[in-house]
Structures are given as structure tokens and as C-alpha cells.
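Peer 1: Input sequences plus hints: build the corresponding full structure.
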Amino acid sequence: MTAELATATSSVDLRTADRRHLLRRAVTFPPLMIPLSVLLVIVLACVLAPLLSPYDPLAQDLLHVKELPSALHWLGTDALGRDVLSRLLFGGQTSLLGVVQALVVLLVVGLPLGLVAGYFGGIVDRAISVVVEIVMAIPSIVVIMAVLSVVSRSMLAAMVTFGILGSAGLIRIVRATTIAVRGELYVSAARVSGVRQGSIVFFHVLPRIAGPLIVQMSIFASIALAVQTGLAYLGFGIIVPAPSWGGSVAEAAQLLAANPFLLVPSGGIIAITIVCFAFIGDAFRDLTVSTWSASSGGQPSRSDLRRGGSRLVAAEAAQSGGDDGGALLSVSGLTIAFGEGDRATTVVEDVSFQLRRGEVVGLVGESGSGKTVTALTILGLLPASATIRAGSVRLDGVDLLRLRERELRQVRGSRIGLISQEPMLSLDPAFTVGNQLGEIIRRHDRGLDRRQVRARALELLEFVQMRNPADVLRRFPHELSGGMAQRCSIAAALAASPDVLIADEPTTALDVTVQAEILELIRSIQQRTGMGVIFVTHNLGVVADLCDRAVVMQRGRVVEQADILTLFAAPAEPYTRQLLSATPSLVEIPERTARA
Amino acid sequence: MARLILRRIAISIPLIFVVSMLVFALQSLSPTDPAQALLGTGGTQEQLDALREKLGLNLPLWQQYTNYMAHVLRGDFMSSYRTGIPVTTLIADRLPVTLALIILGVVVGTIVGVALGTASAIRGGFFGKLLDFVSLAGLALPNFWLGLALVAVFAVGLRLLPSGGYVPFTQNPVGWAVSLVLPVAALSLGGIATIAKTTRESMLEVMNRDFIRTLRAAGLGGGSIIWKHGLKNAAIPVISVVNLNFIGALTGTVFVESVFVLPGLGSLVVSAVNGAEIQVLEGVALTFTIIVVIVNLLIDISYGWLNPKVRAA
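Sequence lines, in order, name chains A and B.
Be aware that the first sequence starts at 354, since it is given in our numbering, and climbs by one per residue.
Be aware that the second sequence starts at 26, since it is given in our numbering, and climbs by one per residue.
It is worth saying that the hints were derived from the structure and are not from the lab.
It is possible that part of the hints are untrue.
Residues from chain A that face chain B, not an exhaustive set, calculated with beta carbons under 7 Å [claimed, not checked]:
(1) 503
(2) 610
(3) 624
Far from chain B, by Cβ distances over 12 Å, these chain A residues were calculated [stated by the list, open to error]:
(4) 378
(5) 785
(6) 815
(7) 836
(8) 842
Since the model is a prediction, treat every value here as computed from it, not as a measurement.
By construction, the Cβ of each residue, glycine as well, lies at the ideal position given by its N, Cα and C atoms.
Peer 2: Structural data, given as C-alpha cells:
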């Protein structure tokens with residue numbers, strides 16, 4: 354209990370520190386301060402309109418009507434010779450006031466209800482949530498119009514209505530955030546230690562909600578301004594000669610042919626104000642997200658489909674590797690880096706190995722050793738942030754690294770297949786197994802009709818020893834077990850009978866018993882088809898069980914490669930010995946030796 | 026799936042009653058006496074009382090409401106007090122205009138937005154900049170102002186398109202299309218912005234998933250991966266935005282119809298507010314609500330189509 358309290362207090366301290374930190378960051382955060390300053394200038398200018406505006410907004414100067422901007426009238430004049438700038442300054446008062454009215458109502462209605470629903474849960478929460486769902490579906494404009502028809506076209510009534518209807522969205526967000534905060538350790542600790550509910554909400558929950566609350570309110574303010582000016586444009590809630598932003602647009606509309614420029618000042622000020630509100634919201638989102646969550650790592654790089662991933666930088670890619678010694682696939686001198694320029698990290702360095710027809714080669718190493726990156730390079734599937742610095746990958750003498758994306762597509766699937774680590778994630782969840790398998794089959798054999806494609810899919814599933822293949826074809830990936838999904842992936846990889854199969858940790862994500870089944874399946878497929886297999890794994894037991902030869906990698910380099918018996922009987926490198934001693938299950942070797 | 030649809034319908038029925046009650050309750054607050062308005066200034070007190078009796082205005086409010094809803098459920102939305110024209114006739118005349126406008130507006134917004142969002146997710150560069158510009162413009166420019174600006178440029182300036190007015194489809198399909206170009210453009214820009222942004226984010230996320238790599242490893246071409254597998258998996262957040270855009274378009278149409286002088290429900294609402302014609306407002310409110318209900322249902326069904334897990338639920 355005391356320990357818990359201590360944790361709670363210290364995490365509270367942390368929060369206050371974070372909050373002060375947030376404030377300091379906010380002040381020095383240009384994406385927030387720039388729109389905030391612009392908005393402040395606009396608000397001040399409108400509030401101080403009586404002092405600042407050069408003319409009375411209603412004063413008509415019939416000698417200067419419909420004029421373009423001049424030294425006398427900075428933004429020109431309207432049909433009655435009234436000064437546009439002065440009308441906009443005064444008009445901003447009603448427009449901004451309307452936004453404030455809507456915001457106040459939004460906050461007064463939305464915040465307490467959201468807090469109550471999120472904090473107390475139960476039947477109150479359910480009741481509020483149902484009402485919220487109904488209100489969110491109400492087409493707000495007709496309700497606002499009905500209000501306007503009744504309450505003598507009052508803008509206040511319209512904006513209050515808009516605030517009430519909009520509060521449904523705020524309730525949702527406050528509720529969700531409250532539920533999240535409520536579950537956190539320091540809040541539950543405070544509750545357990547008898548702090549009053551009210552002060553928990555006020556001191557612990559409210560500060561955490563502030564971020565999403567401000568974001569939501571800024572977005573709402575930008576919409577409220579558009580609605581307010583729109584209503585004023587339609588002539589609601591404004592008594593005609595009085596200035597308003599929407600009214601100025603309507604006045605400009607009357608003179609569209611004579612002086613279209615009049616649209617610019619009124620539209621401009623509305624647009625700038627809306628954008629300020631929206632940008633303040635965006636900036637606050639960026640600020641609070643990176644303050645509250647620890648995981649603010651870099652964006653995942655965008656996968657670059659069209660360009661076909663990584664670029665081959667080095668022209669000095671080994672031309673010398675002509676002697677493949679009859680290998681089916683030959684990787685030589687492969688060097689790969691992630692990132693650009695000074696910040697580039699080499700993840701694979703001078704990696705060379707060969708795969709002969711009918712051979713199973715294990716690519717072994719701990720996580721981060723570069724084995725998966727090497728395997729993906731063979732298929733040309735590196736992420737865009739990776740650069741191939743040097744080396745070659747020759748399939749029957751053709752360097753795959755020099756092929757274009759279009760040419761690579763002829764290799765993928767039909768010459769080299771891939772089985773990846775997470776079977777459940779490697780199938781498209783939105784399509785049935787039959788659809789995906791069928792598409793891949795048609796890709797490689799365009800002449801097939803519907804029935805032939807289905808027959809081939811069934812044949813493939815039978816080949817991977819799937820039970821009830823006809824039923825599986827109709828299923829979606831989420832209706833399969835991990836083992837079944839991996840069998841489907843293998844079937845997809847085999848669809849065009851490739852010469853090389855790359856298996857990237859194909860059993861890691863599976864249950865132990867299923868692992869054994871899948872390994873056995875890969876072995877039997879290899880024996881039936883005679884294809885070469887590159888088996889990427891961190892598990893030496895699997896290597897001993899399945900492979901003819903192993904390539905041991907550490908920190909992006911090949912430390913040792915040898916046939917399996919030599920490797921296990923007399924490992925040359927300390928790292929290999931270390932790996933071997935960390936794998937207790939190697940008692941299987943004699944059995945394997947006997948069979949080999 | 027069935028449960029999802031049932032749930033939607035369960036929410037929709039109270040929705041229709043809530044909206045109609047809300048508007049009806051507002052009517053009772055109105056300072057305008059419908060009988061007085063109908064009779065004009067010349068009537069006697071006896072005539073006024075008789076008319077109130079006849080219209081059922083002496084009944085308690087809840088009874089007036091149940092009477093009204095009893096009519097509505099029989100498809101009778103009552104008549105305008107002012108003109109005596111049945112509200113159903115008014116709405117039926119104007120519904121095609123508004124439906125054409127909002128459906129085209131949302132469809133154009135969705136198609137252009139998805140294309141732009143996808144292009145900027147896959148290619149980045151120019152499309153990324155274009156998307157940022159469009160989303161800024163879509164955010165900043167209210168549709169009534171955008172409509173006027175389009176009129177100023179394309180109708181007044183270049184004289185390419187009409188500045189307003191409506192040609193019924195049955196009269197002249199080409200004229201109909203031409204009369205809708207600018208209104209649809211004004212209505213759809215905001216939608217293009219939100220759809221494009223959502224599509225970009227969703228596509229970037231989907232393109233980094235494992236199965237995309239598996240499909241590429243199987244030799245599938247970029248086209249199928251982007252437009253079939255990528256888009257279908259990225260579509261759910263986009264569809265939610267389509268739903269919001271539909272509801273937004275109902276608001277937008279009130280302003281856009283006014284700018285382009287289109288005889289739709291939006292301009293009907295504006296004139297009903299000016300004339301305090303509560304029957305008309307009530308009728309349009311119900312029509313809009315029914316449109317929202319139908320759209321919500323279609324969106325729910327599309328969720329089921331896009332996400333097999335939802336379908337099973």
C-alpha cells in the first residue's frame with residue numbers, strides 16, 4: 354500500500370514536471386505559436402475596432418463606391434461606399450463572439466458529461482453513450498434552422514444549438530480519454546488511498562484530458578466559424594446594415610460582376626481565421642502526443658512500391674563473381690546500409706554464400722544479425738530506406754540486383770518463393786484464401802479459366818497436406834489457425850513451382866507441435882520438388898534437423914559457413930561454439946547423421 | 026453483420042422520433058400563431074378560434090405531436106399553413122435536386138480524394154504537395170464562399186458555365202450536368218481534403234503490413250497490390266469519413282443551393298425559416314434524417330463487405 358502510494362506520488366510528480374515541460378515546449382513550438390499569434394492579432398484588431406478602424410462601418414461615401422484598394426480605403430469600398438476594412442474589423446466582433454458562444458456551450462455540456470461517462474462507467478455511461486450516438490446522427494443544420502425560425506432568427510440561439518449538438522463529439526473524446534487515464538496506476542492508487550472523487554477528477558484526470566480537449570475545441574471552432582459566417586451570409590441573425598463577415602461575403606456576392614475583388618477581403622479573413630484554429634489544434638496534437646507517449650520514434654518509412662524499394666548505389670558491385678561454381682543462387686560481397694549520408698548504418702557487410710540445386714542452406718544468427726535483410730534482398734524486397742552498397746545476387750548467372758522492378762516481378766514467385774515469419778499477418782485479411790491463391794495462380798499462368806484455377810488451388814492445398822482444402826478455400830485468414838495459415842502461405846509460395854524457396858523463420862510464431870509439422874512439411878516438399886531452400890532461423894536445432902549447410906551470421910557479417918556435420922562436430926569460430934552451447938537440443942544430431 | 030444492422034436500426038428509430046419531437050417542440054415555443062398567420066390580419070376572433078379548433082392547435086402539445094406523427098406514418102407530412110401546398114409535394118419536387126447535389130458531391134469527393142491520397146502515399150513528391158495544398162484549401166474555404174469564387178471565375182469571368190439555376194435531368198441531361206458542375210465542385214472540395222488525408226494515412230499503414238510483402242514476393246504487380254489489396258484494407262477509415270461527408274453535405278447543400286439558386290431542399294429550408302413555416306421545416310428535417318439513416322445503413326453494410334470479421338459478428 355505504502356509502496357503503491359509512493360509510486361503514485363512519484364508518478365504525479367512526474368506528471369507535473371511533464372506539464373511544466375509541455376508549457377515550455379509549447380511556447381517554443383513555432384507550429385503552435387505562429388497561428389496563435391495571428392489569431393491573437395485578429396481577435397485584438399476586432400475587439401479594438403472602435404479605436405483602430407479608419408471609418409465608421411456604417412458611414413456611406415457615395416463618391417467612392419465599389420472601389421479597389423487605395424490609400425484612402427485600404428481594402429476598397431462596397432456598393433454604398435462603406436469602408437471594407439472597417440466593416441470587417443467590426444464584423445469580426447459578431448463572428449468571433451458566435452464562435453466563443455458555441456465553444457462555451459460545447460465545453461459546459463460536453464466536458465462534464467464526458468467525464469461522468471468515462472469516470473463512473475456503468476449505466477450512466479451507457480445512457481450517455483446511446484444519447485451521444487443518436488445526437489451524432491442528427492443532421493444539425495435542420496435543427497439550427499428550426500431554432501432560427503422560432504427564436505426570431507437569433508444568432509446566439511443558433512450558435513448555442515450548434516454547441517449542444519457538437520458536444521456529442523466532445524463527450525466521446527473526453528469519455529475515451531478519461532477511461533484511459535482512469536486505468537492508470539497513479540489514478541487508481543489515488544482512488545484506493547481515499548482521495549475524494551472530485552479532486553481525483555480535477556487534479557489527475559482533467560490535466561490529462563486538456564490536450565485532446567484543446568485539439569477537439571480548435572477543430573470545432575474552425576467549423577463553428579464556417580457555420581456562423583454561413584448563416585450570416587444567408588442573412589440569419591444579423592440585422593442588415595450591421596457588419597459581419599458572412600454579411601460582407603453576401604454584399605460581395607451582389608457585386609460579383611462589377612467588383613469581384615470584394616470577395617477577397619471577406620473570404621480571406623474567414624479563411625485565415627479558420628486555418629489558425631485548425632493549425633492550433635494540429636500543433637497541440639503533435640505536442641501532446643509526443644509528451645504523453647514514450648513511443649515517439651521515427652515514422653516508419655513509406656514503402657516504395659513503384660520504385661521497387663532500394664537503390665543500387667555502388668557501380669563497383671562485384672563484377673568478378675563470374676565463377677559461381679554451378680551454384681543456383683550465389684550471393685557475393687553483399688553490403689547493405691540503412692539511412693542516408695552520415696547517419697547511415699551498415700547492417701549487412703560483405704556477405705557471400707551459395708545455394709546449389711536441391712540444397713538446404715541455413716542462414717543462422719541472433720536477431721539483428723542481418724539474416725532477414727539478406728534474405729529479402731534476394732527478392733528485391735528491401736524497404737526504401739535501405740541502400741545496397743555493393744555486391745551481387747546471381748540466379749543462374751543473372752544479377753538480380755541489376756534487374757528493374759518489372760523484371761524482378763518475373764523472378765518473384767516463379768523462380769524464388771517466400772514464406773514469412775507471421776503466417777497470420779502474411780495473408781491479406783480482406784480476401785478469402787481461395788481468392789488470394791487464385792490471384793497468384795493466375796498471375797503465373799494467365800491461360801487458366803475459373804475452374805482450372807480452383808482445381809490448381811485445391812491441388813496446392815493438398816500438396817501442403819491441408820485438411821478439408823475445399824473448405825479452406827472459402828475461409829478468410831482470421832478463420833484459420835496459425836498452422837493452417839502457414840500451410841496456405843507455403844501453398845502460395847509454391848504456386849508457380851519456384852526453384853528457390855526462402856523460408857524466413859517460418860515456425861517462430863507457431864506452437865511447438867505445429868512447428869514440428871511445418872518443418873516436416875518443408876522437408877518433404879523439398880524432397881519431392883528438389884528445389885533449393887534458404888532457411889533463415891535463429892534456432893540451431895532446426896538447422897541441424899533440416900539443413901545440409903549453414904551460414905552463421907553475426908552483426909551483419911558471415912562468421913563461418915560449413916556443411917552441417919563439420920559445423921556441429923568442429924565449429925571453427927568462437928561465436929559458433931557459443932551459439933551451439935546455447936542450444937541444448939542438439940542431441941538430435943546423431944540421428945540426423947545416421948539418416949544422412 | 027445482422028446484429029450490426031439491427032443495432033443501427035435500433036438507433037435509427039429513436040433518431041427519427043427525437044428529431045421530429047425536437048422540431049415539434051420548438052414550434053410550440055414559436056411566437057408565431059399558425060392560425061393567425063393563416064388567417065391574416067382581417068379575421069375575426071370567432072374565425073380565429075374556429076381555425077385553431079380545426080387545426081388542432083387547442084389540443085395539448087403531445088396530442089398535437091401524436092396526431093402529426095400519425096399523419097406522417099401514413100405518408101402525409103401535412104400542408105404548408107401559408108400556401109396550402111402539401112409538404113410531401115414540396116419535398117418530392119425538390120428532393121431530386123438535393124439528392125443529385127449531395128450524392129455527386131460525396132462521390133466526386135471520394136473518388137478524387139482516394140486517387141489523390143493513394144497517389145501521394147505511393148509516389149509522394151508532387152502528389153504529396155498537391156494533397157497538402159488541397160487539404161488546406163478544403164479546410165479554409167467555406168463552401169458558400171468557394172461557390173461564389175467559382176461563379177466569379179467560371180461564370181462571370183470566363184463565361185464557361187452558368188452562374189446558377191437548375192435544369193431537370195428529364196428535360197435536358199447535358200444541361201442538367203452543366204448546371205451541376207460548379208455546385209458539385211463547391212460542395213466536394215472539403216470532402217476531397219478529408220478523404221485524401223485519411224486515404225494517405227491509411228494506405229501508408231497498410232503498405233507496411235506483412236501481407237503486402239508476401240504478395241509482392243509472390244510476383245503480383247503493383248496495380249493489384251495497390252488498388253485491390255491495399256485499398257480494400259485501407260478503406261475502413263476512409264468509409265467512416267465518407268459517412269461524415271454525407272452528413273456534412275446536408276449542411277453544405279443549404280448554403281450551396283442558396284449560392285447557385287438551386288430549387289432543392291436546402292433553399293426550401295431557408296425560405297421556410299424566413300416564412301416560419303414549421304410544417305415545411307418538420308418535413309425537411311424528417312427527410313434529412315431518413316437520408317442520414319439510409320446512408321448509415323449503407324455504410325454499415327460496406328463495413329461488413331470490407332472487413333470479414335465484422336461480417337461474422
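Peer 1: Now tell me if each hint is right for this structure.
Peer 2: Status of the hints after comparison with the structure:
1. 503: Holds: closest Cβ of chain B sits about 4 Å from residue 503/A, inside 7 Å.
2. 610: At about 5 Å, which falls below the 7 Å cut-off, the nearest Cβ of chain B leaves the hint on residue 610/A intact, so it holds.
3. 624: holds, 4 Å
4. 378: With a cut-off of 12 Å, residue 378/A remains clear of chain B, as the shortest Cβ separation is near 24 Å.
5. 785: violated, 8 Å
6. 815: Correct as stated: the minimum Cβ-Cβ distance to chain B is 19 Å, above 12 Å.
7. 836: holds, 17 Å
8. 842: At about 7 Å from chain B, residue 842/A fails to clear the 12 Å cut-off, so the statement is violated.
Hint compliance for this structure: hints 5 and 8 are broken, all remaining hints hold.
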